[in-house]
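> Both chains are sitting in their own frames, so use the hints and assemble them into the complex.
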Amino acid sequence: MNCRQVEENLSAYLDKALPDEEMDLIKNHLESCPACREEYSALEKTVLMLSELEDIAPPALFRSELRQKLKEKNKKRFSLQGFVPGWLKNVRGYHLMPIAAALIIMLVILPFVGNNKPGLLKNSVSDSDMAMEDSSDTYYMKTKESMKDQVTSSAPEGKGGEMNFMAPTGPAPRASSTNESLGTASVGLTAQPPGEIERKIIKNADVTVQVDDYDITVEAIKNKVFAMNGYVSNESLSGKGTEGTITGYLQIRIPAVHFDEFLSGMDELGKVKGRNIYTQDVTEEYVDVESRLKAMRTKEERLLAILSKSGSLSDILAVENELANTRAQLESLQGRLRYLNNRTDFSAVSINIQQAAASTQQISTGGLNEVLTKTKEAFIKAVNNILLGTGKLVVFFGAALPYLILLAAGGAIAWGYWLKKKKQ
Amino acid sequence: MYNEAELVARSREGDIEAFEELVCCCERKIYTVTYRLMGNHEDANDLAQEAFLRAFTAIKNFRGEASFLTWMCRIATNICRDELRKRHRISMESLDERITLEDGEVSKQFASPDPGPAEVYEKKELQEKVQALINTLSPEFRLALVLRDIQGFSYEEIAKELECSLGTVKSRINRARNFLKDRLSAEREQNSSPQRLYGLERGERE
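In order, the protein sequences belong to chains A and B.
Those letters in the first sequence? Residues 7 to 430, per the numbering used here, in order.
Those letters in the second sequence? Residues 131 to 336, per the numbering used here, in order.
Same shape as in the complex, but just chain B (with noise of 0.2 Å):
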């Protein structure tokens, strides 16, 4: 087993089998966070790979500042980020379907895996349904909360990362944090029992 640096300074001549060592350290997180934004494999089997591709590409940018998992996170998370916007201007147009909160709106995007209400209420493993429900938030709340709830960065780094100010990333995690909330609450009230699914009855730790 090689370490980091090594592995990074042969990739850096087009070592590929120097390049896969890195990738088998940290594909799953990486595919993990194209996942969660994404909501749907296909497009994160294109996007992780495509991230790992342009890392390998640009890797003589690398300069072991940071792990090259935090580097390889912000290359996936930045192409997920494009994409998501990209499609985003799209559905701007094609579907409407969105409901406005005080200060920012929050869209439906139905796209085409992505299950109804009735659907996710089928469904039987809770972290499909909480993707699910971060597949209907749009993609400017769904990049926050991914941000800091999957990958844990700081509300700084999320700043810096989506371009915004701090207030507004502070803002965006908060509503997305309470829609998941909302949703899930309001899904237990229709469930008959909700503790047996989520663990998310108000009352269960007091």
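The shape of chain A in the complex, shown without the other chains (with noise of 0.2 Å):
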């Protein structure tokens, strides 16, 4: 053993904290070395010295002002104090750092994996809609008919004729009762004398009703709608609530002589918690259309005689050109007659229903066997989202993989720059 070794552990030789073997070595040498020896008994002194240092007593207000700060602490830990955990009173602000930039990180990351954004997690986009599937079970029932502006050449038969209107007798008393009853619209039309004009009303209403069973309901308001002519235009279904609530929405167009009838019937289906009922009257509108397509028949009837007398081409061909504009006119008129039509003899009627959680007219039997079925459901929902959410993660950091060893390439060089720095 040399001298430079035995220097560095006559430190711990001192305190008698090496091997058996080694004190034995630095024993040995320091017997046949006078500088060690030397350098061992300066290093004994201080040591010495250092153990003989004495205790410092206590400021004279240590005792004072640890007794404010206890009794202080004592309220706090009584009211506050015992909530908070200890480690968490440890917590210093660079303590957090690692934490701030994790979520800060999180922050980033979380939008690119929740998103299903194209090109990026391609993966996950199929898992994630398979995950959408069970959560809401939305179906949107779109019939022909529906296309709302579209003109419907598909109206019921007996309406189908272009300038068919609805039998006078029928709807006219029914409209203006009803015009009468919620006191809206067309009151200045009625001093044209009545019975020479039929009057044109547009009526739609929205009802909310609240059933015990939203199946049967639907099934119900459809048979009636095709016992009264009608049809239904839109259905859908909202997903099925936690606690057994379903909502879904229906649109119907019922002839609109039935339309009072089918509102008032909705009472029988369920508990009626809103009704709102809109008229609009196109009489003024209808008769416009009609003069106009009139006058539009006589220039047709016009245009066609004059044809028929044979003049010079470039006439001919003028009125032809005539006639093609005129005729276009004609559809046109036509076309918004016919909507009107549509309108004024298929009142829509839009149902939002709601199935109650549960059935407020018998008790429900079912109720354990539900909750079991539901807490598997969620159950089995909940450990799926953990292996999607883990296979999501997977892929994020496989995709994010480049970048981090980027990252750790250029953290490398800026810390081996600061390591450099720090020894200079």
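The set of hints was computed from the structure by calculation and includes no laboratory data.
Predicted model, so just to flag it, every value in this text is computed and none were measured.
Any given hint might turn out to be false.
The calculated label-pair distances, taken between Cβ atoms and stated as ranges, are [what the hints assert, rightly or not]:
{"#": "1", "chain 1": "B", "residue 1": "G297", "chain 2": "A", "residue 2": "N34", "range": "18 to 24 Å"}
{"#": "2", "chain 1": "A", "residue 1": "E78", "chain 2": "B", "residue 2": "L296", "range": "39 to 45 Å"}
{"#": "3", "chain 1": "B", "residue 1": "H171", "chain 2": "A", "residue 2": "G417", "range": "39 to 45 Å"}
{"#": "4", "chain 1": "B", "residue 1": "G144", "chain 2": "A", "residue 2": "L374", "range": "45 to 51 Å"}
{"#": "5", "chain 1": "A", "residue 1": "L410", "chain 2": "B", "residue 2": "R219", "range": "22 to 28 Å"}
{"#": "6", "chain 1": "B", "residue 1": "C155", "chain 2": "A", "residue 2": "E44", "range": "37 to 43 Å"}
{"#": "7", "chain 1": "B", "residue 1": "G282", "chain 2": "A", "residue 2": "I110", "range": "45 to 51 Å"}
{"#": "8", "chain 1": "B", "residue 1": "E134", "chain 2": "A", "residue 2": "A388", "range": "48 to 54 Å"}
{"#": "9", "chain 1": "B", "residue 1": "A196", "chain 2": "A", "residue 2": "N34", "range": "36 to 42 Å"}
We put the beta carbon where it would ideally sit given N, CA and C, even for glycine.
This is the structure in structure tokens:
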């Protein structure tokens, strides 16, 4: 053992904190080497001096200050301190830095993980779509006829003729009675001599009903609508709620003659929670379109008559041109008329159907079973979510790996630089 | 006079007087530890009080495996260690005055109350001089030295306390002691009558 090695272990030797063989080696060396012996002696004195350092009495106020602080602490301890875990109190700002960094990274990451952006994480798209499927059971049924502003040529038979008005006797009194009872719109028009012009009124309604059984109600409504020669234009069922609530939406069109009858029938289906009836008097527009149509007809006949008298080619062409224009306008007016007819003949009724959580009319027997099934479903769902989430994370980190490597490389360089600077 | 276990049990219930009895027995030791580590009375006072406060709130974790004093020493050391490391980090950026040794470094930390070498020389009290020298050690060396030579912990205990290897502890204690030894002898050389001052003259005992 040389002097340098001895010097390194001298302090531990002094404390007898070395293995026996090393103790012996150093002991032997010290006996033979005066320089190290001197060194040892000086070290021993230093240590002795350190151990002889006297204890220092705390300042006079130490005890009273401490008492004050203890009392404050005691108050806090029984009000608030008890709820704060011990380790939390030792948390310093710099302890939180990694956590904050992790949070920031998570915040940056999460939108990417959550979103099904094409290109990024393609694999996860199908997974999450699959997960979506059972969470909300929505379907949207749109029949051909439901295209709202589309002119319906498929209106029920009997109304097929393009200029066919409703039976003059039927709807007129009913319409006016509706107007009076609602006290809205078209009051000014009553000045016109009654009976001379048929009132054209569009009647729509929104109804919200609370029912005991969604499916039965929908079935009943449909039957009723079909019986009244109406049709369902829209149907949607929005997801079943957690407590067995179901909300759905039905839009139906029924002949205006059955409008009031249908609405009053809603009371039998369930509790009507809200009802809005809108009417729009389109008599004026109807009459206007009608008279313009008549004028166009006359014009068309006259043009045809002119055409039959042969003239010059340019004349014929001009007349033909005019005839085409007239016919286009004619078609358009006819379309508008058909639309107004359809709107007035068929009332639109929107029905919001809500199935309450528990049946109000009978005691639910399958309660426990339902709870068990739901628990099972929830459990499976949770497990699936965890698996999905883990999978997504793995995929994400796979995707992020190249960036992380780059970052690590950058960090290593920066660290190396810092170390170098520190060394200087 | 109650015994320690009883006082601890009462403190656990929030009895401040019982806790003060405990404080009474060890405040001197604890204050010494904080003073030796922090090097000035302001910090020593604050941190010793902080240590007792922390002990009071955490006394339910004290299971009486060691004595209350030992437990308190550990708390005080931890508090000082954290504080020293925190300050060291800050001073690393502001103070570049460091003495680099072979495999470690000893920072000169001239915090406000620390006296310079000239002042050290002027002071008549040996103890203050030694403390001033301890103050110039960087935190890790200071901790190792104080834990070993003031508090008398074993190497293993220090390694556990400072969360480092036994070898590191050995090397730090060795370095810190040698640093003190060298500085003291350097001063002695400047001094015309070292014997009177330190009693550290090499040939004294021979």
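> When the structure is checked against the list of hints, which entries are broken? Sort them ascending.
none
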